[in-house]
Amino acid sequence: MPEIAEVKREVLKRIDQMPNISQQTKDKLYDAVAKAHGMGRLLTVSFDTLLTKISPEQIAYMKSRWERPQIQQHLEDPTLVLVILGYADKQGNDQRNLQISNARAEAVMEALRDQLGVQNVMHVIGMGGSNLLDPNELAKNRIVEVWGVLP
Numbered sequence: 043m044p045e046i047a048e049v050k051r052e053v054l055k056r057i058d059q060m061p062n063i064s065q066q067t068k069d070k071l072y073d074a075v076a077k078a079h080g081m082g083r084l085l086t087v088s089f090d091t092l093l094t095k096i097s098p099e100q101i102a103y104m105k106s107r108w109e110r111p112q113i114q115q116h117l118e119d120p121t122l123v124l125v126i127l128g129y130a131d132k133q134g135n136d137q138r139n140l141q142i143s144n145a146r147a148e149a150v151m152e153a154l155r156d157q158l159g160v161q162n163v164m165h166v167i168g169m170g171g172s173n174l175l176d177p178n179e180l181a182k183n184r185i186v187e188v189w190g191v192l193p
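Its first residue numbered 43, the sequence shown is counted upward by one per residue in my numbering.
Worth flagging that the hints you see were computed from the coordinates, not collected in a lab. Each hint should be verified, as a subset may be incorrect.
[Unchecked claim] Taking CB as the label site, the calculated pair distances span:
no.: 1; residue 1: 98; residue 2: 173; range: 25 to 31 Å
no.: 2; residue 1: 109; residue 2: 61; range: 31 to 37 Å
no.: 3; residue 1: 181; residue 2: 66; range: 32 to 38 Å
no.: 4; residue 1: 46; residue 2: 91; range: 21 to 27 Å
no.: 5; residue 1: 148; residue 2: 173; range: 21 to 27 Å
no.: 6; residue 1: 182; residue 2: 110; range: 30 to 36 Å
no.: 7; residue 1: 193; residue 2: 114; range: 35 to 41 Å
[Stated by the list, open to error] Taking lysine-lysine pairs in the PhoX-like style, the calculated list, with each CA pair at most 20 Å apart, reads:
no.: 8; residue 1: 95; residue 2: 105
no.: 9; residue 1: 50; residue 2: 132
no.: 10; residue 1: 77; residue 2: 50
Since this is a predicted model, take the numbers as computed values, not measurements. Even glycine gets a Cβ: it sits at the ideal position worked out from N, Cα and C.
Hey, can you work out the whole structure from these sequences and the hints?
Here you go:
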């Protein structure tokens, strides 16, 4: 997995952005990040405006990325936990963006499980509307990130 200190900084940015969770929960997540033996972004799936379903082309893309040796090596560890973060851009209202981001993350989790046969523990988090990834180009914020975490 990539340089752990840099990755942990990226993960902490995402924890700071999580909507609808208490500071106590965020503190637990900060602690888990500090204790993690490894983590990294394994996959990113892009979505068009308002879409939450995964196309056959996206499944093929996911499969090609997932079959890379460096990802397969991580998946061999049964303790690897997958954290699936869904995002929407900042257009529209917050509640709708949260629904869209959660539906996108759920769709990716289902594809990983049902189409790619992933059996690792997976957690889905809808991040709502965000410009975390690119404040100037909305399309870059309409994604789902799949992170691998070794506790």
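Outcome of the hint check:
1. 98 <-> 173: 25 to 31 Å: At 30 Å between Cβs, range holds.
2. 109 <-> 61: 31 to 37 Å: Check passed, 33 Å falls within 31 to 37 Å.
3. 181 <-> 66: 32 to 38 Å: holds, 35 Å
4. 46 <-> 91: 21 to 27 Å: Because 35 Å falls outside the window, the suggested range is violated.
5. 148 <-> 173: 21 to 27 Å: At roughly 22 Å between Cβ atoms, residue 173 and residue 148 fall inside 21 to 27 Å, so the hint holds.
6. 182 <-> 110: 30 to 36 Å: violated, 22 Å
7. 193 <-> 114: 35 to 41 Å: Given a distance of about 20 Å, which is not inside 35 to 41 Å, the answer is violated.
8. 95 <-> 105: With a Cα-Cα distance of about 16 Å, the restraint between residue 95 and residue 105 holds, given a limit of 20 Å.
9. 50 <-> 132: Measuring from Cα to Cα gives roughly 25 Å; hence the hint is violated.
10. 77 <-> 50: This hinted pair holds, its Cα atoms lying about 10 Å apart.
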